[in-house]
Amino acid sequence: MTRDIAVVAFAQTDHRRTSEELSEVEMLMPVLHEVLDRTGLKTSDIGFTCSGSSDYLAGRAFSFTLALDGVGAWPPISESHVEMDGAWALYEAWTKLLTGDADTALVYSYGKSSPGPVRDVLTRQLDPYYVAPLWPDSVALAALQAQALIDEGYTDEPALAAVAARSRADAQGNSHAQLRGSVPHGDYVVHPLRTGDCPPIGDGAAAVILAAGDRARELCERPAWIRGIDHRIEAHSLGVRELTDSPSTRLAAEKAGAFERPVDTAELHAPFTSQEVVLRKALRLGDDVRVNPSGGALAANPIMAAGLVRIGEAAARIHRGESDRALAHATSGPCLQQNLVAVLEGEPRHVQ
Amino acid sequence: MSSEPVAVVGIGQTRHVAARRDVSMAGLVREAAQRALTDAELTWADIDAVVIGKAPDFFEGVMMPELYLADALGAVGKPMLRVHTAGSVGGSTALVATNLVRSRVHATVLTLAYEKQSESNAMWGLSLPIPFQQPLLAGAGGFFAPHVRAYMRRSGAPDTVGSLVAYKDRRNALKNPYAHLHEHDITLEKVQASPMLWDPIRYSETCPSSDGAVAMILTDRAGAARSPRRPAWLHGGAMRSEPTLFAGKDAVSPKAGQDCAADVYRQAGIADPRRDIDAVEMYVPFSWYEPMWLENLGFAAEGEGWKLTEAGVTELDGDLPVNMSGGVLSTNPIGASGMIRFAEAALQVRGLAGEHQVDGARRVLGHAYGGGSQFFSMWLVGSEPPTS
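Protein chains in written order, with my numbering: chain V, 1 to 352; chain E, 353 to 740.
If you are wondering where the hints come from, they were derived from the structure by calculation, not from laboratory data. Honestly, I wouldn't trust all of these hints.
To be verified - Covered stretches of chain V (in silico footprint by chain E; criterion: 3 or more residues with CB under 8 Å from a CB of chain E, positions within the stretch not fixed):
| # | stretch |
| --- | --- |
| 1 | 38-45 |
| 2 | 56-67 |
| 3 | 83-90 |
| 4 | 158-172 |
| 5 | 210-222 |
Every residue, glycine too, gets a C-beta built ideally from N, C-alpha and C.
Model the full structure from these sequences, guided by the hints.
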């Protein structure tokens, strides 16, 4: 199958610590309007729609159904939903466009982490019989991974602090980010992770439009062509995984063609500073690669949307001419259990 | 541009029961997946990707259970997607999996759907208070009963039709060893004498709560050529969604259902579904949805669906058998219910449906719906490969 598909538009909310005055649909609506406005498309022009979200953040079953009402699915639309980060919704939409069934796709995702204690909520992702009853929270699990990295000599606490400082300094240029500028590295949350090593808790939404071939060129001056996209999952139990490595990221990158030529930009979904260390190694990213110019998940981590935001940020840099070949990464599950890698390219620019 | 043809070469399901206390969720899904692999004479190593679906995470209390189930489904090192489109999810999951093959991204895909309702309480999962949204009024039956009433009023159907459907489906289930309800002493009188739950829906006209899983192996043309048994071929598949709540919605015959069926028929070259389709496995959680969907899917004119049911057309030995397996009325692991419909359609065209086999079934429709009749997914499978 040879069909080129590109990200042609991206929009996101300002990510905030709380949005209690807004329903999920109200949070999402401006983003849907913005991404459609960027292409001039209407809902009825879109060939396929796919979203990602989680009932557990919303605190109720079928939470995505009302978001669909917000999309304006009338006349009825071809539509689907993954209970995953929106990056996987984008993957589903990409395969749908590859079949030739549709030429354009709207992908969106959203999550509100503010209503409940998200560290506790995420424990419900764990093995329900043997692990979840112990309530090991997401920061504690990430701390195990961070300590393993330090013990193996891959990093140390000052290096982790530097990752946080760089991310939040870069976020200065990102008006949507939640944490920006010089943020104190803070006290230990779970040793060796301090507040500065952890992502902010916040609410947000993101949306992307994909288009195939000439349709992409009509809708976007410099489309971000998806040269490859792949995702892989690892075993769930931390006891059988090598926490200092991410073989699933490496394999996904290989299948997505990330190693065929160097990338200039990488948007990594690393909610903890220590996870950037793991991902840089798995992706063989050198110091010449611009990592998380948006500030990454350490600056804004709207759960279920943060992965799609990485793809959107990477694509937007290509749209703006700031990158020619970018890698975008999304993760799911405890300690980087599941990972997606996309490689995006802009067409060569003429020398002025 | 042509997409890769898709074949179903393996089908497996668990025996569906009220509570599988002998297995974990992982054990339950593993059982169905292993049976599908055995049917296809393939091993875990032959699977390129896994696509899993289930209804809300709240039904078992596990958030994004695909993470925990990756090991049990042999997905480690592979791509794994988790689909969730409410009650239609089983069908949607299968269609997402077909697209991995159709797009030639993967050659052989395991798709699976499950629900282990005994781990929690679906009524609770559906009854959390939601601001600005109408409550489900004591479970799904309370939501759908007014739509059934509207159908009866609009079509003039006699109030006996619902019990005929339930009586038929429960008898069909007796021929299906995997079905949850095996009511050997069922009679029409017993159905009609059962308690009224949500007028006009009686106890025996509602679906049970089941534990169960179903799995299918989907593969490309080359994979089908290696299949030890006759494959089922995908001739058409589609999903359609419409809003839950708006003034223009026809809850009796949603436009999304009509559009979805029309898209499938167009893909499959079906001009007259009543004539060109041999059997239908449709999502009927409350008995009256059989005549309602017969109309929505184009098998009968508006207001005429109940006449097919009353005339016995939809019986197992009728002219258009509906819900040969016993249907959702006999087996309802919610997240799996849609995929069981799709799998039954495939079993029929493979000629492997056992005692509930429809003789000479060549083209069979599998149907699922969900939410407030807002999500639809359908596929049409055939015993022969598609010609175009």
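How the hints compare with the structure:
| no. | hint | result |
| --- | --- | --- |
| 1 | 38-45 | violated (count 0) |
| 2 | 56-67 | holds (count 8) |
| 3 | 83-90 | holds (count 3) |
| 4 | 158-172 | violated (count 0) |
| 5 | 210-222 | violated (count 0) |
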